[in-house]
Structures are given as structure tokens and as C-alpha cells.
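Participant: Here is what each chain is made of, one letter per residue.
2 protein chains.
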Amino acid sequence: MNIREEARRMKLDAPKLAATTLEERNAALREIAKGLEEKKHEIFAANEEDVREATENGVAPAVIKRLKYTEEKLRDGLAGINQLISLPDPLGKVQMKRELDEGLVLTRISCPIGVIGVIFEARPDALVQISCLCLKSGNCAILKGGKETARTNRMLFRIIRDSAIKAGMPEGCLKQAELHNEIDELLMCDKDVDLLIPRGSNAFVQYIMNHTKIPVMGHADGVCHIYVDKDADFEKAMRILPDAKMQYTAACNSVETVLIDRAVAGEFLPKLADMCQEKGIRLRGTEEAMRLLSQHAQNENTAGQQTAGDTVATADERTDGVGTESTAGGAFEVMDLEEFHKEYLDLVMSVRVVDGVVEAVDHINRFGSHHTDSIITENEETAAYFFQMVDSAGVYQNCSTRFADGFRYGFGAEVGISTSKLHARGPVGLEGLVTYKYLLQGHGQIVGDYASGKAQFHFRELC
Amino acid sequence: MNIREEARRMKLDAPKLAATTLEERNAALREIAKGLEEKKHEIFAANEEDVREATENGVAPAVIKRLKYTEEKLRDGLAGINQLISLPDPLGKVQMKRELDEGLVLTRISCPIGVIGVIFEARPDALVQISCLCLKSGNCAILKGGKETARTNRMLFRIIRDSAIKAGMPEGCLKQAELHNEIDELLMCDKDVDLLIPRGSNAFVQYIMNHTKIPVMGHADGVCHIYVDKDADFEKAMRILPDAKMQYTAACNSVETVLIDRAVAGEFLPKLADMCQEKGIRLRGTEEAMRLLSQHAQNENTAGQQTAGDTVATADERTDGVGTESTAGGAFEVMDLEEFHKEYLDLVMSVRVVDGVVEAVDHINRFGSHHTDSIITENEETAAYFFQMVDSAGVYQNCSTRFADGFRYGFGAEVGISTSKLHARGPVGLEGLVTYKYLLQGHGQIVGDYASGKAQFHFRELC
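If you read the protein sequences in the order shown, they are chains A and B.
The numbering of the first sequence is numbering that gives the first Met the number 0, which starts it at 0 and goes up by one.
The numbering of the second sequence is numbering that gives the first Met the number 0, which starts it at 0 and goes up by one.
Chain A with its partners taken away, still in its complex shape:
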């Protein structure tokens, strides 16, 4: 059966899955946890083959680490399922109950979205997490994982689906897509698939967004900022910056740009440059930032107090405003303003000197990707302005941008992070996988009577 036919079948099964009780869905999750535990050796064996092949193909060690499905990852996965079981039912919540007129009652109730397609990177734990989130929220899911973990995915998927169906979930609750061309087939299913959640590279997510009529939830890029305000506690800044850049450099919520208040730039920039040199982070930035760094280095030189680790040079060889300099803290590359749009996902950081919080906010709203941005300040008034004006899914004060994550927000798990402003924004957990419908119960009421004035609405909240 091809993806289109399968999607049509799932669409018809979707209301059946939506009608299951919380107990039934939790029983399915328990069955899945049991199945994964019982068949773990088969999973590990399949995964070893995937890892062996990837290694033979010269896949980078950092990526191999993500492909590996270990006892520890299984344990985390089972803990995640148990946490999911303990969460309240996202379905059937009465969000509003209003009497429109006597005997005419409007109720808004939460329900699943329907059929969701999730296309994710080569990470076996992602398959477990996503399928369980979809089941708990009563959504049918079509899952397509990265090809490097094909064997592991197939094994995990079979165990998860068999367990779910054994526990009474409808046949069409889960479907695995395995072939790459099935992605394009999936993109055509706008009549039957209600939502697509692509995870992966900027280019991949863009491709999905540009080639389907199905609504897409996710983010293409994560250009996150940290703004160091004049009232910043530098110690906090120097703790937060390396974490935000290096705790997981390739993550969407890692920092790409540091904005520094002009009032403290001369003092802070050299510290930043030193830290970057020490940590192996390449620094790029505006001419002004470079000038300040050079000045500082000269001053240090003049005072004869050059500190260890500084390689100092002045900007005399540079032409046309762009070039690489060796300043305090090591190499420093001057960049164009438009390059601030760039997501490095690497040990590179852009730096710009700004005229206080107002210019910092303008820069973030203009060059950022509306993902997650943080201010370092002890001034609550400045922080309040930043919170109000920054147009991003996550706006932080005095903490690392890396906190933008479903687990860390206490959602149990996430299917992804959304930079869209519609529906779910930020990390998307169970709540982002539901919609609602309006139920209206009457006794023969017609609109004609209200239009003619024979009857009148008198709204009364019932809950």
C-alpha cells in the first residue's frame, strides 16, 4: 500500500483513535514500554548493524554517537514513556462552556489534530518519543526517520505498532515510511494529513515548507542572540555564553550572535575574546567591535601588561572593511551586517556593539529567527523592555538559550520547536498536538428567529 492510500485509511481511523479513553491510550503506552524492554536485544543488534555500516561509510563520530541506541538511551526512553503516562489527558478538556440562549449551549472541547506526518533525523530515541507523544494525544502518525538508522527504526517501529494494536489502538494509528521518495508522496497528501513536523537541517525544513499545502510546524533556522547589557553581571555572562554556544553547538537553540551594549563593550569584549580563544570559538563581528578589541590590546601593550593568551595586532593591513585580524583573544574576522542572519551551528560567534537595549531588540527582531534570545542584565526595567519587545518564541533573562526544550520546560517530551506564531510556538509537547471543536446543543433553534428579533442571545458562562 502506498503512502497516499495509507494516509486515506489513517484519516478514517483518526476519529476512532480520537475516541479512545485515556486509560486505553495509557495501556498502549505501557504495552509499548514492555515490548521495548522485552525485545531490547533485537533492537540493539539491529542498531549495531546500522552503526557498523555508518562507520564503514565514514560517518563522523559525533553523528555516530547520535545513531547509537544504548541501554542508557532505552532507559531514558522508558522513563519518558512513564512520564507521558503520568501526564493528564490532553483530550476532552472543556475549554469554554457558554449558554447562548436558553437551551442553546456552546462547548469548546480539545481534540486531536488527526493525522500527523513527522520526518526526523537519524536518532532512534526520536522515533520512540514522537510515536508515544502522538498516541498519548490521540493522533495518527506517519513516521519517517533518517536512513542511517533504518534497521533500528524498523525494529523499534514494529515493536511500537504491534504493542499499540495489541492494546486495542486502531490499525491505522501508526505507519512507517522508509523510502526517501515516500517523503514527496507524503507532501502530496494534503487532503488526509493535517500537519507535518519536519526536523533536520535548515535546507531540508525549507524544502518541506516549499513543497506542500499541508500546514508545517517547525523551524528552519535558529539564530539565537545573547545581549550583554550595560547592567550585566559579567560573571553570569561568562558562565552563560560558553554554555549557550558549546553545550550542544549544533542545536537550534545554541547562540550565534552576541550583542554588547556600547557602554560596557570596551570592558567586556576583551573578556569575551579571551574566553573564545580559550574555548576555540572563532569570533567575527563589526568593525567597531574589532576596533575596540585592538584598542584594548594596544592599551595593554602600552602598559606593558599583556596577559598570557593574547595575540595582539593592530588593524593596518585591512582593506575595504572586511578582513581577518589577530587581536586580543585571537583571530577576529570583520563581517557585513547582512551576515548576522547566519546560523553557524559551529564554534563561530558573531559580535556586534549596540546602542543599548533598544538597538539590541531592533537587531534581534531584524536578524534573528524568532527562536530564543536572552538578555544579561541586573536591571529589571531593561529586562521588562526586552521581554515586551523581542518577538521570539523564547525571551530569556540571565540564562542560557539552551533551555529552550520540551523536557526542560516540563512538557515531558517534545516533537520539535516551532518558530511559527500560529498554533504552537516554542517547544511543542502534548498541548501543541491538539486542537478543539465547538459543540452546540439546541432544541430546534434557528438563526432566522435571532435575525428577526423574535429571539435574543443572552450569553452566560457556564464554566
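If you're looking for bench data, these hints aren't it; they were derived computationally from the structure.
Treat the hints with care, since some could be wrong.
Since the list can't tell identical chains apart, any single copy or any two copies may satisfy a pair.
[As the list claims (entries may be wrong)] As a list, the in silico DSSO-like pairs of lysine-lysine whose alpha-carbon atoms are at most 30 Å apart:
{"hint": "1", "residue 1": "Lys-15", "residue 2": "Lys-341"}
{"hint": "2", "residue 1": "Lys-235", "residue 2": "Lys-278"}
{"hint": "3", "residue 1": "Lys-72", "residue 2": "Lys-270"}
{"hint": "4", "residue 1": "Lys-212", "residue 2": "Lys-39"}
{"hint": "5", "residue 1": "Lys-235", "residue 2": "Lys-33"}
{"hint": "6", "residue 1": "Lys-92", "residue 2": "Lys-39"}
{"hint": "7", "residue 1": "Lys-165", "residue 2": "Lys-341"}
{"hint": "8", "residue 1": "Lys-96", "residue 2": "Lys-235"}
{"hint": "9", "residue 1": "Lys-39", "residue 2": "Lys-278"}
{"hint": "10", "residue 1": "Lys-146", "residue 2": "Lys-341"}
{"hint": "11", "residue 1": "Lys-15", "residue 2": "Lys-278"}
{"hint": "12", "residue 1": "Lys-212", "residue 2": "Lys-341"}
The model shown is predicted, which means the values in this text are computed figures rather than measured ones.
Position chain B against the provided structure of chain A, taking the given hints into account.
Facilitator: Structure of chain B alone, referenced to chain A:
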């Protein structure tokens, strides 16, 4: 200034509008109401010219009625503005407040979507409603109305924008697009426009959806159903059906298809046919429906009790399953199953006999547009099944589908009705024009400490 540049400017003004207080936004609404009242004669004069031109161009009287901006429509518009002023602030609502760890507090707060483009039909009252809804919800709006009311729109827009700016709203809060080619320009502004709300014909909305990367909220078609169950109160059904079809035939929430439980079809169909003949509604349907109607007519004949208004004939001239018959209640056209997808927006109704509520639901989920569907039944169990299983924005019992409307739901006003399952579903009022952001306040926390086990999350709800 072209639309693109204007949109970019509005994007920068959007956080300023978002930061206005409820009092400031309400003051702007009061100023607008005052302006409209004071300049009403200029508005009426402009409208008279529009109406004269439309009449000269041979525009249909029903459409002319919508173009006209009368004292009564102004009064309704002012009442709407006053109702909007009385509604609570949709912005700045704390939707969640959670301590992730000591001194690390996550808050989810409602905020405007940003810049919204609304393209609407030639109805001057729509311009007033939409611009005021956007202002109250703190959204910048680009408005493009139907060309038949160009002069009225220009006058209304000028008064509304001038009043808003006089009351302190930022310059970029409202922008009018007047030329048709500006729509295509608007569709390209995916970097600066956060949401498009198109209103109008199916073809127009489809065009918008297919030609932009901007998220679109709305509905292309409204194929609404009424299912007459075996436990239906026929009297209610006969009250509701003409209202749902005729109270505003061209509306998206008017009924297109009647599904009848086989158990009562023989009894109900003739009544339906009589009503349709009386009201001038053309009936189309499946062969079975036609057979039942013919049988009824024959029985009536045999018993010599033909009632007035019935034109009776048997199905002997028909070939290949499609044709027109004259049966009880007048002309009856046999149709193919696939035609049940059709939205008539006219005095035509499709009818199908189904095997109870289960088949009715399957039909609705397959052929409907997930807009609004109603069951007529006195059986609460059957109604509960219908509520649970029908996958539509509005699911009703014993009332007209025409109730699907922001005013009737008590939202004060609506910008449109959404059949999307993401973000807002059904009639979209103030609540559908806001999103949220996550604010995280810390004291230097980094993710590395939680990853290493040095620190642990302990989630605690603060509200």
C-alpha cells in the same frame, strides 16, 4: 511606498503596538467610533457613489445590498466597537507560570501575532470590524477590501487610521491596499507578514493559499451537513432545514447536504421534498433517495390520496443511473457520489440515505469540508457519538448550521471562520488573533549543570 516596504515598516512598528496598554487601545477605539459618527455624511456620500457605479455596472441587487453603508450598518458597527471596548484584554494573559528550578521561572504570556493581512469582500462594515479587531488585539493590519466599495473603503480607512494615530497608536498600525496587484505583492511578504486572512469565494481563497508562504487562516469551502437520525424530532428538522439553507443561502455555514437515516427515510423524504418544492429548493440525491420518493408517490396514488403540491411520476425514462425525475415534491435529480463534495451556495440541496449515524459520520468526514455539521436527534447517545466522531470545527445537535458565527458565539466580532485545525478553528475572534511567548527568568543558570547532574529540575506550578 509599496506594500513590501510598508510591510517591513509595519513589522518594526508591531512590537510598539504590542506594547500599548489596554487603555490606550480602547481609547483608540473610542476615537474611531467618534470619528465615524462625526464624518458619517462623508462616508454615506462616498458610498452612494460606489452604489451608483455598481448599479450602472449591472451588479445584482443582492450584492448591492451588501455594498450599501446605511445609518443602520453604521449603528451596528458602532455597537460592535463598544462591545469590543468592553471585552477584556487578550494580551498579557499569563497562561502558565512554572518554576523549573530555584530561581528559574518560566512564564507563558499571550501577545499579538504581529502583522496581519486581511483580504475581504466588498462590504464596508467588514473593514470597520476587522480593523478594530486587529487594533484591540494589538496587531498591525494591512487591509484590502473589494473594489466595488473603493470610495467607501478609502473614506472609512482614513477616518479609522487617523483616529487611531491621533489616539497614540504607532504610524504603522494600519495600512490600506487598494490596487488588485497589491494582493500579489502582499503574498510575497512572508518575512514581514505573519498571517493572511482571505475572505471570499472558494477559488479566491484557494488562490491565496496556493500562492504564498505566509500562513493562511480561513476556509475555502463550507460543505455543511444536516443528518436526520431515526430518533429525530421531524418538527425540529423541518424548522431547522429551511433556516440552514435559506436564512443566508450564499453563506459558508448554510447547509448543502441532508443525510437521512434509512429507518425513517421513507417517512421523512416526502416531507423534505414537499418543503423543498414549497420553498423553491432544487433537490438532488442518490438513486435510493429517488426510489423512496417515487414509491411514496405511487403509494399515495394507489390510495387515491395524492396531496396538493405533489407532482408524481415513476422512474422509467432514466438511463445509466443519472437523470432528472419528477417525484413527490417536484423535480429530483440523481447525482453521483463524488458530487457530494460540492458547495452550492444556492437553492439546491443534496440528499442521501445512510445506514444510521455511523455511515452519516463517515459521509461527513469524507465529503464535508470540516466546517459545521448538525445532527437532528432526540437520542443523546447517538448525539454523543456524532459529537465525538465528526471531524469539524462545529458539531451541532438540533440547531441550524447558520449559528457558526463569531457574533452568535459571543466573541463580539469575527475576522473569519477557520476550517484549519491549527491555531484557531471555527469563528475567529480576538482570541484567534493572539499567540504567546515563553519568558524565562534566571540568575545565571546554564544547561551544562543540568546535563551533568550537578543541578536538577523540579517543576512547580506557580499559577
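Participant: Indicate, hint by hint, whether the structure satisfies it.
Facilitator: Here is how each hint holds up against the structure:
no., hint, verdict
1, Lys-15 <-> Lys-341, "between (45 Å within a copy, 26 Å between copies)"
2, Lys-235 <-> Lys-278, "within (17 Å within a copy, 76 Å between copies)"
3, Lys-72 <-> Lys-270, "neither (38 Å within a copy, 66 Å between copies)"
4, Lys-212 <-> Lys-39, "neither (39 Å within a copy, 43 Å between copies)"
5, Lys-235 <-> Lys-33, "neither (44 Å within a copy, 52 Å between copies)"
6, Lys-92 <-> Lys-39, "neither (36 Å within a copy, 46 Å between copies)"
7, Lys-165 <-> Lys-341, "neither (48 Å within a copy, 40 Å between copies)"
8, Lys-96 <-> Lys-235, "between (47 Å within a copy, 24 Å between copies)"
9, Lys-39 <-> Lys-278, "neither (39 Å within a copy, 68 Å between copies)"
10, Lys-146 <-> Lys-341, "within (28 Å within a copy, 42 Å between copies)"
11, Lys-15 <-> Lys-278, "neither (54 Å within a copy, 39 Å between copies)"
12, Lys-212 <-> Lys-341, "both (27 Å within a copy, 21 Å between copies)"
Checked against the numbered hints given earlier, this structure breaks hints 3, 4, 5, 6, 7, 9, 11; the rest are met.
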